[in-house]
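If you read the protein sequences in the order shown, they are chains A, B and C.
Note that my numbering has the first sequence beginning at 1, numbered continuously upward.
Note that my numbering has the second sequence beginning at 1001, numbered continuously upward.
Note that my numbering has the third sequence beginning at 2001, numbered continuously upward.
Hints listed in this document are in silico derivations from the structure and should not be mistaken for laboratory results.
Don't take every hint at face value.
Simulated crosslink set (DSS-like; lysine-lysine; CA at most 27 Å straight-line) [claimed, not checked]:
(1) Lys2242/C to Lys1212/B
(2) Lys2227/C to Lys1351/B
(3) Lys1212/B to Lys1151/B
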Amino acid sequence: MRLRVRAFYRALRATIKGIRPLPPRIADFGAAAEKNNHAKRRKGVALSDFIYGAVIVFLFMPLVVLLVYSFNASKSGSWSGFSLQWYEKLFMGSGELWHAFANSLLIALTSATAATILGTLAAVGTARYSFWFKPYVKSMSFLPMIMPEIIVGVSLLVFFAGIGLKLGLVTVWMAHTTFNLPFVYLLVSARLEAFDPSVVEAARDLGATEGQTLMRVILPITMPGIASGFLTAVTLSLEDFVITFFVSGPGAMTLPLFIYSAIRFGVSPVINALSVVMVAGTVLLVYPARNFLKAYAAH
Amino acid sequence: MKRLLHTATRVAALALALGMSLGFASCSKQESGPKKLYIFNWTYYTPDSVIAKFEKEYNCKVVYDSFDSNESMFAKLKAGGSNYDIVFPSADYVSIMVKQGMLAKIDKSKLSNWKNIDPAVLARSKDYDPDNQYSVPYYMGAAGVAVNKTKVKKYDRDWSIFSRKDLKDKMTMLDDMREVMGDALAFQGKSVNTAKDDEVAAAEKLINEGWKPNLLKFDAEAYAKLFASGETWVAQGYAESIFAEYDQAKRGDVDFFIPKEGGPLYIDSMVILKDSKSKDLALKFIDFIHRPQNYAEFCDAFGFPCTANIPARALKKGDAWYKAEDLTKCELKLDLGQDLEKYNAAWQDIKVGK
Amino acid sequence: MKRNYGRAYAAPEALWLTFFFAAPLAIIVAYSFCKRDLYGGVLPQLSLDAYRSLANPTLIAVAWRTLWVSLAATVITILIALPCGYSIARSGNQAMRLFLIIVPFWTNFIIRVYAWIAILGNEGFVNDVLRAIGLTTDSVQFLYNQGAVILVLVYMYLPYAILPLFSTIDKFDFNLLEAARDLGATRMQALRKILIPNIRGGLVTAVLFTFIPIFGAYAVPLLVGGKDSYMLGNVIADQVTKTRNWPLASSISMGVTVLTGIAAILYAVVSKRSTHHVIEESGIGPVSATAGIPSGGQA
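Work the whole structure out from these sequences, hints included.
In structure tokens:
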């Protein structure tokens, strides 16, 4: 057990450092060749860089607006002086908001975990084996993405009521896991596409059991896919409004629900302050892991 | 193989345990801790201070969930699975919920403050809940029109303001079928609950040809924000939203009125769900609301006149956006039953057309 | 001897999805064939009313409008995302550039839309500037029309398009471009005839991850759209929450799902047929799984 865990963490750390933890294989020759063909080392600024710059300005404009208005002394659009009152209100007088935030975080982490476990296992299974309900799994895993959220929300509501399950955090968790599954599945599957079955053969030849193969070979290789699936699930879960609205019950208020209702009643400057805090917090947390992010997007 | 199963089982057990603990946390609230009262209300319709006072006096915890429309409230309740004690539906939905057997009868003898409620308001109940067997009025009000006096100097205080072409793209109306259709019907002197095809068609025509071209959009979410920031100069909507968005200092710039032809009226009531487990505590809450002090506090928080409660009027400290007398010409929105289809079709045409 | 563990791997996910997605889905299909209950929900009677209502001219008008807006938004998004992806791929600091793209994600969606209202509104930043420099005396009406909806949709979905495009461009062998240039092609020709066909996989993903959510969008048209911006997503939401016509909401949803499903399959088939070997070798797998991008909450 200890050995497996150590190998697992070694692989994880290696991934975080951006080094691919793949055992040498034929495909890697291709990869090595790939690296030399990247345009990465091209010098000079091209038109595309200007467009990229413009896009960044475009993407950040609303955030700057939020930042500015979070320091606005008045509630309405026009600037009327610098003030920290909204931040004060955010940290002192917004118990309900933080409770909603805590709920959101809890749901996001637990549903992402559940979805990651289920989705990864399924992806591994469909990538390597054939079985009678494989087409079913593959199509089921695509469908939730193309249904309008409001329909998914309403149908889940009716379903929960039909089986007599009381609405609350648990039902929110179930709903979030459900809509996160397809993303984890697809992301891990994508990673597994490039998977070289000869590695598994090699492991088998060396006497590994299925469990060992899974833990020591397959999972480390697919780690970027799993990690990106997990991160994606957390993001989606934190943002979700429609589905959560329909399946939440008493006391299961999440942050998007709170913001949506609060924003119509003049509480928005506090929300602006919260957004600034959230962005700042996330940047501080995520910045050190930016290499990891690269692996996340580039797998 | 065994190890795989072992690990998988451990992980699954962990997930299950996590899920179950979450489940227990949300389900077993009744057993542990102080008594809980579950309220399902409009967003920001009862001030936190009033709720805090109730919690203190009766040593309980109030869990406050909110909805933004009768329809979504009803959709959630109808599907079941929610265990609220008190809900605040509007009059038309009270009658629907009574018909569907969702409500518990209210024992008025236990409400010591029943006598404070305005008989004029109670009299209206004959149309949706005769004798108030199932509901206690919370607030009677109407949406009105807010005008930014600094931008619009001359105008009539009635619905014709929306036909003014010089105010094009500076006005909004609510994205609410009953409200807007009701405004048109009232302006044309008809009932807001009419089922007559020609009247509905005439109202649709007025909205489509007379009002809509001058509107910026139909908005029920951000109209107060738009009005407060000066994007729009005229907004049809609820006083409490505008009150919440507008800067205290500049409130003199705003003229809020209920047009003289009247319009749709609403009565929001407190009802107790049949499956409620805390009916006694719920009754106490309802009684608590109608204590003149608390009612006055509630009205002050939103700039309401104390329409439903008479003694509270003397205790009210702040100003109200409109007066209870303004509501006399307004007509209560009732459940239309099957005839709602006619309004739906008309509203769909209004929303979709250019 | 390889035991077939496929079933064991995939079973948990399959069960979960069956219970929490297939069953509610079945309910929705069933609802679309039921008679509506006046107060929401359905009566257990068979009826084709909901499907007959689909032939309503106003509904068809909304469908066309939704299609037009979605296509416009998707095309603009892809056109901007391509150079961005290219720019990131050839940069020395990919991780940083990706990070910048992802950061705005971490603000709540509704807040970002309201920030755009603050920027583009009549009393907003842009109009203030325009008036200050004397270009206009009255404010320009930027918001509450289809243009605003398209702009904000592009804003919301740019990252979803940039990431898969970056991922594919990153794997592209830039030596091919050099080769093309050696054979006499201009830079634009090389880009158009060599680069674009070879990143078909990423293009397809980007298009799907942009078009499908945009088609079902309802919050953006609701918040920044005007009288002419009522879209299919709004119709479904209104049918559930305002008109309480659940069968109609279900039938429209079925329609939307089928349409987007067909579009997805068509696009995938068309692009697979002209796929280069290069794509197979570089491990870009099934169309929908090229890169890990959240296809996000319905906007």
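So, going through the hints one by one against the coordinates:
As the CA atoms of Lys2242/C and Lys1212/B are separated by approximately 20 Å, the hinted pair is consistent with the 27 Å bound. Under the criterion of a C-alpha separation no larger than 27 Å, the hint pairing Lys2227/C with Lys1351/B is consistent with the structure, at around 7 Å. The hinted pair formed by Lys1212/B and Lys1151/B meets the criterion: a straight-line CA distance of about 20 Å does not exceed 27 Å.
This entry satisfies every hint, going by the numbered hints stated previously.
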